[in-house]
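Please build the complex by placing chains B, C and D on the supplied structure of chain A, with the hints as guidance.
Here is what each chain is made of, one letter per residue.
Protein chains: 4
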Amino acid sequence: MTTQVVAPPLAYGPPISLEAASRVAEAARAHAQANGWAMVIAVTDAGGHLVLLLRMDHAAHGSVEVAQRKAATAAAFKRTTKGFEETLATGGATLRLLSMHNAILMDGGVPLIENGKLIGAIGVSGMHPTQDGQTAEAGARVVNG
Amino acid sequence: MTTQVVAPPLAYGPPISLEAASRVAEAARAHAQANGWAMVIAVTDAGGHLVLLLRMDHAAHGSVEVAQRKAATAAAFKRTTKGFEETLATGGATLRLLSMHNAILMDGGVPLIENGKLIGAIGVSGMHPTQDGQTAEAGARVVNG
Amino acid sequence: MTTQVVAPPLAYGPPISLEAASRVAEAARAHAQANGWAMVIAVTDAGGHLVLLLRMDHAAHGSVEVAQRKAATAAAFKRTTKGFEETLATGGATLRLLSMHNAILMDGGVPLIENGKLIGAIGVSGMHPTQDGQTAEAGARVVNG
Amino acid sequence: MTTQVVAPPLAYGPPISLEAASRVAEAARAHAQANGWAMVIAVTDAGGHLVLLLRMDHAAHGSVEVAQRKAATAAAFKRTTKGFEETLATGGATLRLLSMHNAILMDGGVPLIENGKLIGAIGVSGMHPTQDGQTAEAGARVVNG
Numbered sequence: 000m001t002t003q004v005v006a007p008p009l010a011y012g013p014p015i016s017l018e019a020a021s022r023v024a025e026a027a028r029a030h031a032q033a034n035g036w037a038m039v040i041a042v043t044d045a046g047g048h049l050v051l052l053l054r055m056d057h058a059a060h061g062s063v064e065v066a067q068r069k070a071a072t073a074a075a076f077k078r079t080t081k082g083f084e085e086t087l088a089t090g091g092a093t094l095r096l097l098s099m100h101n102a103i104l105m106d107g108g109v110p111l112i113e114n115g116k117l118i119g120a121i122g123v124s125g126m127h128p129t130q131d132g133q134t135a136e137a138g139a140r141v142v143n144g
Numbered sequence: 000m001t002t003q004v005v006a007p008p009l010a011y012g013p014p015i016s017l018e019a020a021s022r023v024a025e026a027a028r029a030h031a032q033a034n035g036w037a038m039v040i041a042v043t044d045a046g047g048h049l050v051l052l053l054r055m056d057h058a059a060h061g062s063v064e065v066a067q068r069k070a071a072t073a074a075a076f077k078r079t080t081k082g083f084e085e086t087l088a089t090g091g092a093t094l095r096l097l098s099m100h101n102a103i104l105m106d107g108g109v110p111l112i113e114n115g116k117l118i119g120a121i122g123v124s125g126m127h128p129t130q131d132g133q134t135a136e137a138g139a140r141v142v143n144g
Numbered sequence: 000m001t002t003q004v005v006a007p008p009l010a011y012g013p014p015i016s017l018e019a020a021s022r023v024a025e026a027a028r029a030h031a032q033a034n035g036w037a038m039v040i041a042v043t044d045a046g047g048h049l050v051l052l053l054r055m056d057h058a059a060h061g062s063v064e065v066a067q068r069k070a071a072t073a074a075a076f077k078r079t080t081k082g083f084e085e086t087l088a089t090g091g092a093t094l095r096l097l098s099m100h101n102a103i104l105m106d107g108g109v110p111l112i113e114n115g116k117l118i119g120a121i122g123v124s125g126m127h128p129t130q131d132g133q134t135a136e137a138g139a140r141v142v143n144g
Numbered sequence: 000m001t002t003q004v005v006a007p008p009l010a011y012g013p014p015i016s017l018e019a020a021s022r023v024a025e026a027a028r029a030h031a032q033a034n035g036w037a038m039v040i041a042v043t044d045a046g047g048h049l050v051l052l053l054r055m056d057h058a059a060h061g062s063v064e065v066a067q068r069k070a071a072t073a074a075a076f077k078r079t080t081k082g083f084e085e086t087l088a089t090g091g092a093t094l095r096l097l098s099m100h101n102a103i104l105m106d107g108g109v110p111l112i113e114n115g116k117l118i119g120a121i122g123v124s125g126m127h128p129t130q131d132g133q134t135a136e137a138g139a140r141v142v143n144g
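Protein chains in written order, with numbering that gives the first Met the number 0: chain A, 0 to 144; chain B, 0 to 144; chain C, 0 to 144; chain D, 0 to 144.
Only chain A is shown next, with the shape it has when bound in the complex:
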């Protein structure tokens, strides 16, 4: 018989600085630009409040809210929104996630973790969710390593 081990939960840390948020957003933007993608990139603190948002030229303005909500969801639930998307895709009971109004269930939101603490999150929107997710990860790597 194995003992079930529960991982220690991820703690919320101090808010990400504007300087760090700028480096995260720039890495995401560089990834987007290299691919010719017009995107909105949002970085929030651990509380889900914006620290930086930029909309590349010709990105749809509907993506502003989506990018913000992806970052806020990643901060609020301490996980990637890709995880939510994949769970939802299995169908059946997981449709319940759609009734959680403070979560967007779409790839593109990634927590930012420093010294083992969540200090913020990045959210990206504008292309296919998979591309949004890649771009968010490109930004997150600046902090998450």
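Calculated directly from the structure, the hints in this document are not laboratory data. This structure is a prediction, so every number in the text was calculated from the model and none was measured. All C-beta atoms, glycine included, are put in the ideal place defined by N, C-alpha and C. Take these hints with a grain of salt, some might be off.
[What the hints assert, rightly or not] For the chain D half of the interface with chain C, some residues (derived, Cβ under 7 Å), not all of them: (1) A10; (2) M55; (3) H57; (4) H60; (5) G61; (6) V65; (7) M105.
Frame of chain A; chains B, C and D shown alone:
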């Protein structure tokens, strides 16, 4: 010919006291702590208004809204949110439930019933919905017996 | 000619623990109980998300939202809501504050500060705003000293 | 008999580019930094949708919504929010402005006008509204000349 019997509808009773809400929440917290789960526990009155809410250390802050809505849904519709979740999981026409914006369709919300009257509800969020539901039931048993 | 010195702004710190929030709320509740006041007491983290809320028996349920918003306002703007109330009372241009929808301009919200950082806030509602403010201060002293 | 001349209404133009929005925001930030002010600076397009937002370190997170609403109000009504504030300050019937929920009546929101067309707006929040307004003007001058 049989007579169709409709159960008398559950009446709303007087609001749960803070003392009783505290005992409910403590039982839920003890269950969570014994399992190493970081959770948000909410207790509302029959009107769906908070009487007590506590967020255990390191629980995701997104769970605050989810726990509240689970309790409020259980009070508003006089049923467990697990019931809604199970109905939704059958698919088809039951997807209509997702358009009921004042209901969260996810295990973890349980009515509190005393002397045959609904006096409040408990909502729990933070882990898998099944674990949230177990924890809510552990709290509800203090009142529901 | 004097040099105008701008005080270094108050930093946001790590979230208040449930244990500390409980001590804050208990001190506020003791103050309320000693005066025979039925109140709602809310404690949030630095991001304005609830850590603890309790409604004393017979407190009006409308006070649940008011107490939460007082705490959230104190965290969001790093100041007491009494300050907002006093500014508004001077009339004239200060009426502009009423158009700030994310602020409640009523005594009873106080930041919680530890080691020079804002780690949360307390909000109290249920009686006259002055009494709400006194009760919030009674709670805040546990952390603020 | 004189002829009453009505000025041609200000037309909405094409959306401000991210490059121009960055220059506007940087000028505002330089003004804030020179004064030691921690502020949130938002730039929207003509539709009131964010193009760029940055929160300087230690700016209150409540200022995020306020800065956004100042910019959005300036774009939505094609005027400075200072104008609304001054009208409100005259009292009496002007209190009606407070019932316009899509307007914040507080200095710090300024339209951005290029070739006689409104292409966006800047909103600043974090200090006294007069200082917010000065900072927004410092940014707006980059475009408005």
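Status of the hints after comparison with the structure:
Residue-level restraint check for D/A10 is violated (minimum Cβ-Cβ distance to chain C is 27 Å; threshold 7 Å). A cut of 7 Å between beta carbons decides the hint on D/M55: the least distance to chain C is about 9 Å, and the hint is violated. Proximity of D/H57 to chain C holds as hinted, the smallest CB-CB distance being about 4 Å (cut-off 7 Å). Of the supplied interface hints, the one on D/H60 holds, with its beta-carbon coming within about 6 Å of a beta-carbon of chain C, less than 7 Å.
Satisfaction of the interface hint for D/G61 is found here, the shortest Cβ-Cβ separation to chain C being roughly 3 Å, below the 7 Å cut-off. Using the Cβ-Cβ criterion of 7 Å, the hint placing D/V65 at the interface with chain C is satisfied: the shortest such distance is roughly 6 Å. Here the hint on D/M105 is kept, as its CB sits about 4 Å from the closest CB of chain C, short of 7 Å.
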